[in-house]
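Colleague: Each chain, letter by letter, is given below.
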Amino acid sequence: MQEQIEKIKQHALQEIASAEDAKGLDEARVKYLGKKGELTLILRGMGGISPEERPVIGSLVNQVRDELETSIKERENYFENAELEKKLLTENLDVTMPSKKIDLGSVHPITQIINDVKEIFIGMGYEIADGPEVELATYNFDKLNTPPDHPARDIQDTFYITDDIVLRSQTSPVQARVMENQKPPIKVICPGAVYRSDSVDATHSPVFHQIEGLVIDRKISMADLKGTLEMFTKKCLGEKTQIRFRPHHFPFTEPSAEADVSCFVCGGKGCRVCKGEGWIELLGCGMVHPNVLRNCGIDPKEYSGFAFGFGVERIAMAKFGIDDMRLLYENDVRFLKQF
Amino acid sequence: MKASIEWLSEYADINVEPKQLGDILTMTGSKVETIDEQGKDIQNVVVGKILEIKPHEDSDHLVVTQINIGTEKLQIVTGANNIHEGDIVPVAKDGAKLPGGKEIKKGKLRGVDSCGMMCSVGELGLTVEEYPGQIENGIMILDASYEKDIGKDITEVLGLKGSVIDFEITPNRPDCLSIEGLGRETAVSLDVPFKNPRKNLAEMPVENKENIEGLSVEITAPDLCYRYVARVVKNVKVGPSPEWMVKRLKACGMRSINNIVDITNYVMLELGQPMHAFDINSIEGKHITVRRAGKDEKIITLDNQERQLDDTMLVIADSNKPVAIAGVMGGQNSEIESDTTTVVFESAVFYGGSIRKTAKKVGLRTEASARYEKGLSPENAMRAANRAVELVELLGAGEAVEGKIDVYPTKQKQVKIPLEVDRINALIGTNLSKQEMITTLEKLEIRVENDEVIPPYFREDVEQLADVAEEVLRFYGYDKLASSLVNAETTLGGKNKEQKIADKVSELLVNLGLSEICTYGFISEKDLEKCNLNKEDALYSQAVRIQNPLSEDYTIMKTISVPTMMQMLANNSNYKNEEVRLFDISRTYQNNKNQVENGELPLEQNILTIGMYSQKGDFYTLKGLVEDVINSAGVARYEIQKEQTNRMYHPGRCAILKVGNDVFATLGEVHPQLAKNYDMTQRIYLAEINLDKISKYARTTKKYTPIIKFPAVERDIAMVVDEAVEVGEIEKIIQKRAKKLLEEAKLFDVYRNEKLGGNKKSVAYSLKFRVPDRTLTDDEINSTMKDILAELEKALGAELRK
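Quick mapping for you: the protein sequence lines, in order, are chains G and U. The first sequence begins at 163 in my numbering and counts up by one. The second sequence begins at 141 in my numbering and counts up by one.
Chain G with its partners taken away, still in its complex shape (with noise of 0.2 angstroms):
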């Protein structure tokens, strides 16, 4: 008995190992495992055996059964390999053919830049705020220390809607209003159009960007303004950027700076951008002047400030390398898609 199902069992091991395809392979395990299998035929008839040997023999068909599975299923699992194997093959692609995606659109070069600068001073705890466009003259010039006789109040330099109401000239009374409405500790930044009467040409345009930024609380130094720029400088035009104060005037201001940059395109060697001089003249910067502070309703004896402008499409302009200022309103999109 042992030796006829030892015999089956090789029988039966190799026509697994001998079928050619997953048809032949259930033949073999009918004909071995089915119901009316060789190895199923033996458990049947078992009857016939001394009850001794029953159990012996029981155990060794079912050691068999397992092996068979056991190789059977091996062999399943090399026909479906081979089967994946000759579907992958067939499954060749081209990946240099264009992909299937929706274009993706552009954020214009000036909010770019506005962008950057917001994230950089959102992270120091700055708020972003905003003002009219069509602002009060007392907003654009008066409470910003620039008296009705002022220079900069020329009808050449500002736009005027009636004597009292002008395009705004700069973000600065944005600054008023802040002050106006909040209580220190004020730490804003306030980007924004802003107009003034020059003619279009590749360095100039009636309308541009400026970005302003205000700190009003106890104890605020010009050491600080220097720190916050250099911070804010490092960030948004590289790590290496060096800045320079130098005395300047505004009436808004006092003390007033002018600050330079190590210019962010050659790194300071001198180049078209900066025009070899290796500094970039970035932004107008000063502590708040009292009567600004007292225009507003804020006493300088209690709180100081500082406040810093600068223009957005210059460093666009520098950082995009955009030689035509122009370029920037035109919006075509050949050069829209490029940032």
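Everything labelled a hint here was simulated from the structure, so no lab data went into it. Some hints could be false.
What the hints assert, rightly or not - What follows is a list of derived Cβ distance ranges for each label pair: (1) U:Pro851 with G:Ala244: 41 to 47 angstroms; (2) U:Glu507 with G:Asp363: 25 to 31 angstroms; (3) G:Gly400 with U:Asp768: 34 to 40 angstroms; (4) G:Lys248 with U:Asn899: 56 to 62 angstroms; (5) G:Gly400 with U:Glu665: 51 to 57 angstroms; (6) U:Lys301 with G:Gly400: 42 to 48 angstroms; (7) G:Ala244 with U:Lys908: 40 to 46 angstroms; (8) U:Thr452 with G:Asp363: 33 to 39 angstroms; (9) U:Asp758 with G:Glu238: 50 to 56 angstroms; (10) U:Asp889 with G:Glu236: 49 to 55 angstroms; (11) U:Pro791 with G:Asp363: 26 to 32 angstroms; (12) G:Pro313 with U:Pro596: 35 to 41 angstroms; (13) G:Lys431 with U:Lys640: 49 to 55 angstroms; (14) G:Lys248 with U:Phe888: 38 to 44 angstroms.
Stated by the list, open to error - Below, simulated SDA-like cross-link-like pairs (lysine to any residue); rule was C-alpha separation at most 20 angstroms, straight line: (15) U:Lys501 with G:Thr320; (16) U:Lys880 with U:Arg914; (17) G:Lys197 with G:Val226; (18) U:Lys501 with G:Lys381; (19) G:Lys463 with U:Val561; (20) U:Lys716 with G:Phe497; (21) G:Lys437 with U:Glu173; (22) U:Lys635 with G:Arg339; (23) G:Lys463 with U:Gly653; (24) U:Lys556 with G:Asp319; (25) U:Lys497 with G:Gln318; (26) U:Lys763 with G:Ile264; (27) G:Lys437 with U:Glu719; (28) U:Lys501 with G:Pro310; (29) U:Lys171 with G:Glu439; (30) U:Lys159 with G:Arg406; (31) G:Lys437 with U:Asp176; (32) G:Lys463 with U:Lys159; (33) U:Lys756 with G:Asp319; (34) G:Lys263 with U:Glu719; (35) G:Lys381 with U:Val561; (36) G:Lys381 with U:Pro558; (37) U:Lys635 with G:Ser261; (38) U:Lys497 with G:Asp319; (39) G:Lys463 with U:Asp591; (40) U:Lys171 with G:Arg406.
Glycine included, C-beta positions come from ideal geometry on N, C-alpha and C.
Given the structure of chain G, go ahead and fit chain U onto it with the hints provided.
Modeller: Okay, now just chain U, sitting in the frame of chain G:
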């Protein structure tokens, strides 16, 4: 303000090169614009003596000269006919360079060797005004006294070398519009003594008089004239000025006229106080009145132009007529003539604002008005008058008349500022001692007495603590300023709701393939007309108008965003760009309540505008974009409705979006006529979305709705309706009748064919019913479907398709 190193050296010993001086002064606040190194373009030109002049054999207008230039003898051929043997002349040697890039080379003239060139005044870049007695068309003949200089470089001999620095002077520092002021800054910046050569002027004992040589002065507009000083010189000999004076004037960019006029200019440059000189005989009644001009008065100014005056302008007048526009320019009627013998020097101080306006009105900005408009110190006026008289005597141009007329109704205020050392240190982030501050201030002639800062008369810009702090900081060094980070109460920072929504929407549109554009806030009425608007439209009449527009193209602020977007699409169409999808977030401005007339601001709204033309897109593409924008912003409930009256859009392809009755967006295909106005024939799609309203209706809080575990029941429904029926109406009925059982109604088919009839369409929906608390029964669904169908039939005449 231009200043020569030579003149500045009178005030401070300059021990550095011009470039370095420029850098140092820039860092203390006198920013250098340019440094002009004069005489640099004259090379190899020396003093020579003509030994012999002989005719040229082959020419009747040329002569052959032999010239001694010290080291050698040169033969030079020339056509000049003003030379004589023995004359001392400038000689350009072989290889010499002259102003304008001219180079002199050895050569032959009609066969005779010529080894250089004798120079004219003009060829050396000089003028006959500077060198009286010289002629323009001839060789410059030097004085015999130059014989000792034969062979020496002409630039050294004539002092043509020297650097002139042009400074940008900030408007708060009119004192630096003078050599004296810049000299003081130079001395303090270089930390060398300020030599103060004009110290004597303030202390001159000159008696006040009511009347000098019959002249009297009166100010009837003391609000515009703070001080008027007159001094008189007699026995005047009008003539040329000496070379040193002409040179200094020239270095500062001024031309020499005659000794008297030059003195007024020289004093202005030296001390910063504009001066004027009158011929006393031209002053009728010998009485000067400083008054407002009459409404119809006129004056012919020194530049021979007739100027219309008005009663806002200040004039210097005699008994009859204006003789000068105060602070701007003198009149021709009182000009110094060659036969003038008695001269009145005016040194006056006027209100700067008035001078500025007057100069603007008459269109004449002069060196004088540019100084006056910044506000000058009345104290300086007296010094200037004394200096003018001193110079007349120095030049031997006349004799001083004793005494002065000094009308000084508004005395200059003396400011005293407490020296609060701690506050100054706190403001500029320094740790300077009181003594260090006082040392700096005193160098600037700002006195400190009893802990009070007392600025000198010429520093009216120093008014309060912050100004003192700036003075301390300027000479402590802006470059030494410490840097620290704001060490104050923590602020949160960040964007507000409106800003977040705008940023979110903007990012979404970029991801959906749109490019952001940047546009001007102003347009013109013509642009509105191109957009089918006219005077009767509110969007036309509510425009905010610019009083002084840059050009006809930018006369009003835009009341709508359509014209600018159309223009940008047109630009791209013009460039033959295909597939253009743009968006713009900008403002509109509406004087919607006539508020501007009442001194109030117009309504400014933030508008998102989408504009596109595309082969791939249509109305529904646009609608999808708009819906994405609105959904991402967080507006959940709104209605969409057809709009047929907006003349900017195609009447059959325009929709408005609203919450209640508040329309917050318009979208559609642009009216073909409007597109044609912009030379575009393709279909243009446009949406205007009011971001302020979106922000108002947006809900930023989100809440989770549990996912329903019970199965959904789906039913399809197809119906035939009139073409005019909008699917929106069908959906409304389905929703109304299905009540809370309906989860989703999805339109899956619309078709038209002949069998249905020309005016009919078939519309098919897939409805999904589901409720959170149970499985719906067939009975419930059937009865709901019945309700829906009944209502569709009744309200819309829908016919169920089976």
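Colleague: Find the hints from earlier in the document that the structure breaks and name them by number, from lowest to highest.
Modeller: Hints 5, 11, 12, 13, 18, 23, 24, 27, 32, 33 and 37 are the ones this structure does not satisfy, whereas the remaining hints hold.
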